[in-house]
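Chain residues, written in single-letter form:
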Amino acid sequence: KAGVTQTPRYLIKTRGQQVTLSCSPISGHRSVSWYQQTPGQGLQFLFEYFSETQRNKGNFPGRFSGRQFSNSRSEMNVSTLELGDSALYLCASSLEQGVRDEQFFGPGTRLTVL
Amino acid sequence: GENVEQHPSTLSVQEGDSAVIKCTYSDSASNYFPWYKQELGKGPQLIIDIRSNVGEKKDQRIAVTLNKTAKHFSLHITETQPEDSAVYFCAATLNSGYSTLTFGKGTMLLVSP
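Just so you know, the sequences run in chain order U and G.
In this text, residue positions in the first sequence follow our numbering: the first is 1271, and each later residue adds one.
In this text, residue positions in the second sequence follow our numbering: the first is 1495, and each later residue adds one.
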């Protein structure tokens, strides 16, 4: 069974631009969570989607948004990029909502904002 | 909300030695505690987890202990090998559908041959 895939793997943007990251969960998984990983803050939860609905949201500004499609694929968008948005963005999928089941992480998208 | 502290931030051991990583959490309602291993260029991978109804769980060379009274849990790796070198994260959460994982800041484990 294929794992969680994220595209693109690497991305370079400039301040003020916007970016869209994509995540394809493991087949059959309905929950997708997004995390931001930085050396200073570690892994921080962004949001979780289940059956196309956002069920949880972390403490991030409104510039960070996401959505989930009917096939469970998810995208996250960051508008008006800031230097501090440079990070590894990780997507994780699980069978059910929340953490009842193991979360399987993708390899991440490395975003660099110049 | 939940807060998870993890120590040490780096840990260097010789091959064959044991390694221990400790975490404390703040929310007494948390009842699910997973540990993740992250290798360079990869996403975190679950290596072991423990729920609040047990005090210890083992899986080959890896074990996790939980002390709910003191609100701390630990990862123990015995007979370390160079391939154990990675960043390890602990996490805590209330295991319900509306809860989210709160992670510790991570421990970089270096196992020297």
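Honestly, I wouldn't trust all of these hints.
Stated by the list, open to error - With a straight-line cut-off of 25 Å between C-alpha atoms, the simulated DSS-like cross-links for lysine-lysine are:
# : chain 1 : residue 1 : chain 2 : residue 2
1 : G       : 1536      : G       : 1565
2 : G       : 1551      : G       : 1599
3 : G       : 1552      : G       : 1562
4 : G       : 1551      : U       : 1327
5 : G       : 1536      : U       : 1283
6 : G       : 1565      : G       : 1516
Quick caveat, the hints were computed from the structure, so don't treat them as lab data.
### Task
Could you check the structure against the hints above and give me the numbers of any it violates, in ascending order?
Violated hints (numbers, rising): 1 and 4; every other hint is consistent with the structure.
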